[in-house]
Each structure stands twice: as structure tokens, then as C-alpha cells.
Amino acid sequence: MGFARTWAVALVGLDGAMVEVEADIGQTLPAFSIVGLPDAALNEARERLRAAARNSGMPLTARKITVNLTPATLPKRGSLFDLAIVVSALQAGGTVPRTGTTVFLAELGLDGALRPVRGILPAVMAAVRAGHDRIVVAQANAAEAALVPGARVEGHACLADVLAAAGADPAGLLRPRRPAPRAGTLPAPAPARPPDLADVAGQADGRLALEIAAAGGHHLLMVGPPGSGKTMLAERLPGLLPDLEDDAAMEVTALHSLHGSGPRTALVRRPPFEAPHHTVSAAALFGGGSGIPNPGAASRAHRGVLFLDEAPEFDRGVIDALRQPLESGTVTIDRSTASATYPARFQLVLAANPCPCGQAGGRGAECTCTPRERRAYFGKLSGPLLDRVDLQIAVPKVSYGELAAGAGQGEPTAAVARRVAAARAHQAERLRPLGARTNAELGGGLLNGVLRPPRAVTVPLERAMDRGSLTARGYQRVLRVAWTLADLEGRPGPTADDVDTALWFRSLVPA
Amino acid sequence: MDGGLGAYGERLAAAHLAERGYRILERNWRAVPGRDGVRGEADIVAEHDGLVVVVEVKTRSGTGYGHPFESITPQKTARLHRLAAAWARAHGRDPRLIRVDAVAVVVRPGTAPSLEVLLQLQ
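Those sequence lines, one after another, are chains A and B. Residue numbering for the first sequence follows UniProt numbering, beginning at 1 and increasing consecutively. Residue numbering for the second sequence follows UniProt numbering, beginning at 1 and increasing consecutively.
Worth double-checking, as some hints may not be accurate.
[To be verified] Facing chain B, according to a computed beta carbon distance under 7 Å, are these residues of chain A, among others:
#1 Leu29
#2 Pro30
#3 Ala62
[Said to hold, decoys possible] Label pairs and their computed distance ranges (CB to CB):
#4 A:Ala164 x B:His91: 33 to 41 Å
#5 A:Ala180 x B:Thr77: 34 to 42 Å
#6 A:Ala146 x B:Ala78: 29 to 37 Å
#7 B:Leu119 x A:Thr332: 49 to 57 Å
Don't read these hints as lab results, they were simulated from the structure. All of these numbers come straight from a predicted model, not from anything done at the bench. Even for Gly, the Cβ is constructed at its ideal location relative to N, Cα and C.
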């Protein structure tokens, strides 16, 4: 009687910190105060918790309850502390046995029902890492929590079940009764078929570029008039990528759990695809929001593909800010209360029209742009961003002949994905001792050192550099792509042909 | 407001306090606003540990409308302190040596009434 302690988790970014939820009961008039940097949602918990406890047949004591969330310096927000607070308060009142190091993560309804919360996966990961392996969550979150290896998860439907499982006297406990809705009469929408490469008519270069991008993890720029199929190609890249490995799948699932697109029941195994519109704000793309910022589209594309259609139309600031995730694979957002870091290691696919009106450099309609407009259009993209885009291709308009002959005739995604998987395996074997996974991650040190191809292969590159048509950075990009071409063919290293092909893929925008 | 239930609860409370060593000095003492500078009535005035104690008694039949203590607001507590000081002054006692307690009486038909005492309300 008097004092009790339970455990919960406060999330800052994808990292969780253990929070002690202490409850003290003072022999004075009834009151309920929560201290320790709670936000508005957490302060509203007081009313919710009194009602939930009463409606579960075990009212909170009619004395002063003080709840302290420590460490007090850590900002805490949201409703996932509800269960830990109410259990702590009831234990302090002496009606529920102590639960040791068990962690409680759920929101409560007024009727005592446990509601699922966002971010269960990263919260449970943090708890297990800190040595708290026994975790109580809402039934609807149980499957997601159980994805964490080593977690002993208890899912309950209501507060009364939690209290009974903790050893409280079951007599008098009340469970909420809620009428089950009838089975829905509208059929659920059929799941969308993942787009297949067989649907793309013509575009042999585009297909090859896509295959190389998938095999080597290279960023890709496609330039072509509207309607030539840039978006179609980009949407088919995730289908070519291999399944996510365990640690990557856990990270991706944790990010999606935090974003709150419903409780998860299985790990996300397929690389995600995000295609924000060109009016997107920096906050939406990289994460934002008050208090502790939420992950943005770049983080939701982690280990997958981030597709920016009409790339030159994006705000200059947004384009420039892409450099941090491209460089470090993470996004850090600073706020006065906390700074959150989210992983954002995505494969970038950019699409652009050749000029503002879109008609330059093709058959048919004439371009109406002035040379000055054309230069300004690409000016936004050039520089440090394009330096990191290994593959740059033109995607011309498809002729009627290609369309009529080509639709449905192209190689299907499954066949290309098999070659990509083989190339990835080859690559992983060679790069593992060097600490990399894909050719796209190789820096100049390795490309000019251990992985330097024989002189005969690089001679055309040296000549191009001497002529001034190839920069040092361009040289490295060509070598990276050449290595991927070799991996796709199963060769031990790039040949002069591979270098030739690779040179062709960077001919679009001078760097 | 003093129907049968309230008076019954106050009788129970007075008996209970007497058992705990309170000396009951007065019941239902009503302040005279002109003289005491405060309005209201003290349910029980008692002496305990050398202090003048004003005891607020709250009686309920069941807790369907909340626990009796929940109806004691900070304003009510402040007034009880002023009442205690007024009683002490009116009876030649030191108005600083006072205390305010509360008793909750819950009466349910068919079971023994339950009493809870809170000391020293702030």
C-alpha cells in the first residue's frame, strides 16, 4: 500500500527509452496528478483512467494519486502509457499484486478495453534490448509485438483480463461488452496486383537500366517526354529487388508501425515504394510534426525505392535536403524537446521531362521552351545530387509499332528478378570482406584500390578524362556500373565492353 | 439538507471519532457572518491532540455518484479552515492551533455502514 512501480517505453525516433511509472497514494482528498513532462494527450489520461478502472470493477482509490514518469527529462507523449499508469496506481492502492519488470504498452478505453497503439514494434524492441522481456499489450498489437525475437508477449482484450492475469481477485472484475458488428456487406477491395515488367512496351534501354539499378543498388535518373513510360518503369523496380533480410525487414516494419498504418501481423518482406508528389514539403518528405517528429516518406522508403517524378519541379530546398539521407542513410530532425533520427537508406529514382514543356528532343510536337528555360530546368538537379546518381538514361517516346508489338511481350518481372538475385549473391560474396553490400556503396578508395580493374579495361576512361569529357567523380560512377554489369554476367570483373556500356549510361547530363 | 441520512451519518461519525479519542465539543455549529467573518456550518467541532478540529462529514448511500470525499472541493476545505479559526476565536482558543478532518460514511442497505477518516485536509 502506498507506492508501486511499473514500466513503459517512451519513443524518440526509432529508439525507445525505458520509463519507470511510479505511483504514490497520499492520505488526503481525492486527486490525480501526472508529473514528468507529460504532453496534453497524456494529461487527459487521468479522466480516462478513472473511468476505465471503475468500469473494470476495480476503481482507483479515493485518495490523492501522484504518478511520476521518470526520467523526467524525456518528453513523453501519447496514450501508450495508459495501461502502465493504471496498473501502477492500482498496485499502489494494494488491490493488485506487483508485476516486477513487466512492461505495459496500451491505450485504455473508458469501458476498460485495451486499444492498440502506434509504434509497438520499436517500443518492444527497446524493452527487450533493455532486458524487459515480459510485455503486456492490447490483443490487436500482440502479433506485431511477438515479431521481436526474445519477447514474451501477453495480449489482452481489456483491463480486467490484465488485472486477473497479474493475480488480482477475479471476483468483481468487469469486462466490457461490445456488440460485434455484422459481417460487412460490401466486398473488400481486391488486393492490387504488383505491377509486372511484362506490361512495359518497348523501352529496351529502360529495362536494362532498371535491371542494372536493381542488381547494383544504383540510383537512377530517367529523362523523357511525358507519356513515355518513366513512371511505369519506376513502379516496377521494387518487384526486381530481392526480399529484405531479417534486420532490414525489422527496421522497415518498425518504421511503418510508427507511421501508424494499422497494427502489423508479419514483417514487411518486400522493399517499399514511395512516390511523393512534387509539391511535397520537406517535413512530409523527411519527417516532421510537433513534439517528437514522425518519419516522412524518405524513411518509409527505407530499404526500398523513393521515386521523385518531375524531379526538377520539387522545391530547391527539398532536393538539396536529399543529400543527407543519400550520404548517411539516415534523417535527423531536431526539435527543442528532442532530436529524432530515422533510417532512410533508399534507392532514389528520379524522372524528369527533357524541358519544362516536355517536348524537347523527340519526334512529333515541337518544344516551345527557350534555351534559357531548359538550362534553368535542369540546373536544379545538377551538382551534388546527380553526382550520386550512377545511372542516367533517356526514355524516348514509344512508337505505335513498338506499342502494338511490345505490350505483354516483354520479359516478365520474375525472370529479371532471378538474374538480379544471382548478381546480388555474386556481389555480396565479393564485397562482404570489404564491408559493403552493393556496388552502389563503393567509394573511390575501393574502386581505385582493391577493386581496380586491369589497365586495359580502364584505358578508354583515362582517355575520356584526359579529353576533359569525364570527371573524377564520373569515372567512379562508370566503374561502379561496370562492376554491376560484370556481376549480372557472372564475370569476375568488368571488361572493356562493360566499361563501354557503363559510359553510355552517364551520357545524359554532364558531370 | 439535513435529512435523515445526513444526521444519521453525523451521529455515526461522532461516535466513531469519540472512540478514536476525539473530545466532541459541539455539533452543527453555525457561524454568525457578522461576528465571525465567515458563513457556514461545522458538522462536528472536537478537540484532538490539543487542537481544535473541525470535522466535515459526508454521507452517501452507495458510491454511484462518486466517493463522498470527491465532493470536498478546495474551496470547501478553505472555508472549513476559516470556520475552525472562527470557532476558536469565539471560544477564546488560539485560532492557529486548528485542524480540519473529514469523515466519509457510506451506508448500503443490508450491510454495516463503512467509515473512513482523513486527517489534516490542506
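Consistency of the hints with the structure:
1. At a threshold of 7 Å, the smallest CB-CB gap from leucine 29 (chain A) to chain B is about 6 Å, leaving the interface hint in force.
2. Annotation: interface hint on proline 30 (chain A) holds; nearest CB of chain B at approximately 5 Å, less than 7 Å.
3. At a threshold of 7 Å, the smallest CB-CB gap from alanine 62 (chain A) to chain B is about 4 Å, leaving the interface hint in force.
4. For alanine 164 (chain A) paired with histidine 91 (chain B), a C-beta distance near 55 Å fails the hint of 33 to 41 Å.
5. Alanine 180 (chain A) and threonine 77 (chain B) have their C-beta atoms about 47 Å apart, which leaves the hinted 34 to 42 Å range violated.
6. Under the hint 29 to 37 Å, the C-beta atoms of alanine 146 (chain A) and alanine 78 (chain B), about 53 Å apart, miss the expected range.
7. For the hinted restraint 49 to 57 Å between leucine 119 (chain B) and threonine 332 (chain A), the CB-CB distance of approximately 54 Å keeps it satisfied.
Violated hints for the displayed structure, listed by number in ascending order: 4, 5 and 6.
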